[in-house]
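So you can see what is in the structure, the chains are spelled out below.
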Amino acid sequence: MTFSAADLFLVLPELLVITAACVVFVLDPVLRPSDKDGLVWVSLGTLAVCMGLTASQMETHASIFSGLVVIDGYGAFWKLLLYFVTGLTILLSYSYLKEERLYFGEYYGFMLLSLCGMMVMVSATDLLTIYLGTELMSLCLYVMAGLKRKEPRSLEASAKYFVLGAFSSGILLYGISLLYGATGSTRLPAIASAIATQGFADPLLLFSTILLAVGFGFKLAAVPFHMWTPDVYQGAPTSVTAFMAVGSKAASFGAFLRVFVEGLGGVKADWSAIFVLLCLATLVVGNIVALVQTNIKRMLAYSSIAHAGYAMIGVVAAGRTDHSSGIASVLLYIALYAFMTFGAFAIVAMLRKGTIEGEEIEDFTGLAKHQPLPALLMLVFMVSLAGIPPTAGFIGKLYVFRSAVEAGMAWLAAIALLFSAISAYYYLRVVMVMYMQDPIAGTNPVPRLVMSPTLSIVLACAVAGVVIFGIYPNPLVNLALQAVLTLK
Amino acid sequence: MTTGLMTHSFPWLTALIFLPLIGAAAVFVVKDASVRLTALSVTVADLLISLPLWWLFDATSGEMQFLESAAWIPSLSINYRLGLDGISLPLILMTTILMPLCVMISWNAIETRLRGFMAVLLIMEGAMIGVFAALDFVLFYVFWEAMLIPMYLLIGVWGGPNRLYAAIKFFLYTLAGSVLLLVAILVLYFQGGHTFDILVLSRQTYPLALQTWVFFAFFAAFAVKVPMFPFHTWLPDAHVEAPTAGSVILASVLLKMGTYGFVRFSLPMLPDASRLFTPLMVVLSIVAIIYGAYMALAQADLKKLIAYSSVSHMGFVTLGLFMFNIQGIEGAVLQMVNHGITTGGLFLCVGMIYERTHSRQISDNIGLTKPMPRYATFLVIFALSSLGLPGTNSFVGEFMVLVGTFLWSKVATAFASLGIILAAAYLLWMIQRVAFGTPAPHMLHKLSDLTRRETATLLPLAVLIFAIGLFPNPLLSRMHTSVEQVIARVVPSSHQQHSSQAVLDQPTPLLKNELLSTLDAVHAETVTPPGSLPLTESEGERP
Chain L
1 MTFSAADLFL
11 VLPELLVITA
21 ACVVFVLDPV
31 LRPSDKDGLV
41 WVSLGTLAVC
51 MGLTASQMET
61 HASIFSGLVV
71 IDGYGAFWKL
81 LLYFVTGLTI
91 LLSYSYLKEE
101 RLYFGEYYGF
111 MLLSLCGMMV
121 MVSATDLLTI
131 YLGTELMSLC
141 LYVMAGLKRK
151 EPRSLEASAK
161 YFVLGAFSSG
171 ILLYGISLLY
181 GATGSTRLPA
191 IASAIATQGF
201 ADPLLLFSTI
211 LLAVGFGFKL
221 AAVPFHMWTP
231 DVYQGAPTSV
241 TAFMAVGSKA
251 ASFGAFLRVF
261 VEGLGGVKAD
271 WSAIFVLLCL
281 ATLVVGNIVA
291 LVQTNIKRML
301 AYSSIAHAGY
311 AMIGVVAAGR
321 TDHSSGIASV
331 LLYIALYAFM
341 TFGAFAIVAM
351 LRKGTIEGEE
361 IEDFTGLAKH
371 QPLPALLMLV
381 FMVSLAGIPP
391 TAGFIGKLYV
401 FRSAVEAGMA
411 WLAAIALLFS
421 AISAYYYLRV
431 VMVMYMQDPI
441 AGTNPVPRLV
451 MSPTLSIVLA
461 CAVAGVVIFG
471 IYPNPLVNLA
481 LQAVLTLK
Chain Z
489 MTTGLMTHSF
499 PWLTALIFLP
509 LIGAAAVFVV
519 KDASVRLTAL
529 SVTVADLLIS
539 LPLWWLFDAT
549 SGEMQFLESA
559 AWIPSLSINY
569 RLGLDGISLP
579 LILMTTILMP
589 LCVMISWNAI
599 ETRLRGFMAV
609 LLIMEGAMIG
619 VFAALDFVLF
629 YVFWEAMLIP
639 MYLLIGVWGG
649 PNRLYAAIKF
659 FLYTLAGSVL
669 LLVAILVLYF
679 QGGHTFDILV
689 LSRQTYPLAL
699 QTWVFFAFFA
709 AFAVKVPMFP
719 FHTWLPDAHV
729 EAPTAGSVIL
739 ASVLLKMGTY
749 GFVRFSLPML
759 PDASRLFTPL
769 MVVLSIVAII
779 YGAYMALAQA
789 DLKKLIAYSS
799 VSHMGFVTLG
809 LFMFNIQGIE
819 GAVLQMVNHG
829 ITTGGLFLCV
839 GMIYERTHSR
849 QISDNIGLTK
859 PMPRYATFLV
869 IFALSSLGLP
879 GTNSFVGEFM
889 VLVGTFLWSK
899 VATAFASLGI
909 ILAAAYLLWM
919 IQRVAFGTPA
929 PHMLHKLSDL
939 TRRETATLLP
949 LAVLIFAIGL
959 FPNPLLSRMH
969 TSVEQVIARV
979 VPSSHQQHSS
989 QAVLDQPTPL
999 LKNELLSTLD
1009 AVHAETVTPP
1019 GSLPLTESEG
1029 ERP
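From first to last, the protein sequence lines are chains L and Z. The numbers in our numbering rise by one with no breaks, and the one at position 372 of the first sequence is 372. If you want our numbering, it's the 1-based position in the second sequence plus 488.
Hints may be right or wrong, so weigh each one.
Unchecked claim - Within a straight-line C-alpha distance of at most 35 Å, the following computed DSBU-like cross-link-like pairs (lysine-lysine) qualify:
1) K519/Z with K353/L
2) K369/L with K657/Z
3) K369/L with K519/Z
4) K792/Z with K898/Z
Hint data in this document are derived by calculation from the structure and do not stem from the laboratory. These numbers come from a predicted model, not from an experiment.
Please build the complete structure, drawing on both the sequences and the hints.
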């Protein structure tokens, strides 16, 4: 193990995030309650600096720490997305936590630590380093999910998430150890060359591939490993749910793609077959079960499951061809998904006011009459999630389906489109209650929304992403295509 | 997005599409009192922009005109490409003519959330023109789908009592229909040389198995929109619940998008499959003609009656399209415009009477001639046009479709003609009750005759009915060359010889029919001389 100061400089963003997290942890008990807003600005400032640093690393390609970590365009793409999501989450939490009466300075510290875990996940090229990243991310999320300590549902979410998360980590580790047994290394490039020289016949290799798929399946919330998602998404504070639904999913996809393309690229015919089944199951269950949800957070949980299914189409396509367009379409899809899902959760968080929970779909009744602008924004997010043009959701689906058709799987695209038509039903139900139903006098209190400058920034960013990338996706597309080039 | 236009002339089509979209935003910033006026000015301005196209259009050229092209999403080779030919020009003009009328009919009828309503109307206008002008398949799909949400809101927010059901039914039907369309577009992209250019894709030859597959994918999308027989059930619900302007847009423009899809995509891109499935399409069309007419006979609700009559009339359009001869397709395209004008007028009439009596039941609206003579006159004009009385526009269109059908099969013509007889039955029966009965005394005070605004709304359509009915040639001559190109594509030269021979033999006894003498002049140009069907070898040969 050798490393130099130059290596440290390349991981400066990670170091900065960790430092900022520690600063937040230390300052929290010392500061007076009135000064604790400062912690928010410390976190946001760190993210801004990191964003600049990572953006300058887009062109770099350096393997550091003896090949444990790589700094490349692919990792940079995910990191930029993760900074953005974390920044939005912090802005969202700022007013939401006050409404929930949760005053924990450590919240921001955990969020930064979790971000650091995600950053390690997307840039590690060693299975154990990736595992460490996943654990760092997950442990912080377990804590954050249970933040509403007085609410049994939040605690249940935390406990359930922890147990199932630990279980999935175990499976992941088991897969890693078997893969080590089969190939003699945990480094992705070494695994790839071992597979290339030994051939694919080893049953141990296949078995470990399956275990890795299962382990990542839990993190991605792919069916049938999705059981934790609805309960955790519903129970956790909404800002944490948004962070999990977008950030944790993005990081998991980042690590997952790197492991399966860089490490297990030699057996891609095998894993592609596994993922076809996972993808179909995810599309079917995610979309069908979402139809009957009455709680919007549960509905969005199933929707996020379904969207993992759409993204996985790109993974399947990438396994069938030599083209990188499949991988690029996944990157693009997750980035666009981030905007619309985050926007939807932000609106849900806005509805939390005083004693009103604001988490049932019925709570949106008549929103368009009293709050036309938030209702319009929610309409845009729902339409985008349903994949109807001209929104970002359509562009994402267009690229994913294109790569499926290119890989000769037009039938998979057709099935996915069928389910996306079904999904329109539950997304439009939200539009329907907002625009077409009047509140029944007495039963439904008039929805009042938390309005704050930070929330406005969050919503403006989300809706700008959905609309602008829906009409002019080229910058993001080019970024994704450029990022994929560095993935071997 | 629209930068770098290839042509240096005025970007007519971009202006036509984006002016209403800008107007939709403007509606939200103007003062309450001027919302209606703003919407009206925007739609009228759009009409004024579209009118010069009628004269600037070169009828002798089969090429796309007013071309605009700019790179949109280069990584997928998706371009922003617009253009017009003789098939899309009349449809765009019909749209721009109808939209000011839609704003005017909603002047007092819409009381809640007026800004939203006008904005939705304007967004629809932009998207509808976009559908007819798009020359890039993905651009077409974007406009095609982008229309769904505004229409869903139009029905669901400003609709009748059962609007929620009707809105979601409309939305899911049409969305599910276009599920396979996107896949088919992507498949054609890879088969047709990595391009979404509609003109390039129309010049390729695809294997029959693929054509069959894609034909059914297109069929699902377009047949739901038309709507053809088994997919029509969303239409009566949507029409009945939609506000008047929504019904007009639905009937006059949205349904045409389906038939436009057939003539723009199915026929030229999939000629072999189109010929293979002609019997199926003919049977479905004839079933729609007769079934729609029978259902119309049984309706007590005026809007439902017109909705089912639309199913019947659109059957003529799909029938004509799949005849692959000049009379059939020209008649069908003409009938698309005619149906837009006539049915639009009928829906406007129903909307006006609904504003007065708050009922669309025939039994509540009887004997309107005495209290509302002007209204009754317009209603009768539109109804007579709808049943295809000679001298009105629908006569020309339906006659041409029937001539086209006659060349293909006499039996089919006989069945299709039943639709005209039934149309006369249900429309005259409706007129008999609504116009000529004795009004209920307690209704009389509500039955005030048309205001000037309402007269101004109906008059343009009545004028168009007679203009096209008596002088169809300006319209037909503009679509002639484009229709010939479609035929050259869908029928290989040997078939074409045969069909032009048939044209030589057949029309003479038909044209001797006295009833048709007024049309002789028209057909002298459009039908004869049949030898002039300018099918050169190069056009006839498939690349």
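**Asked** Which of the listed hints are broken here?
**Response** none
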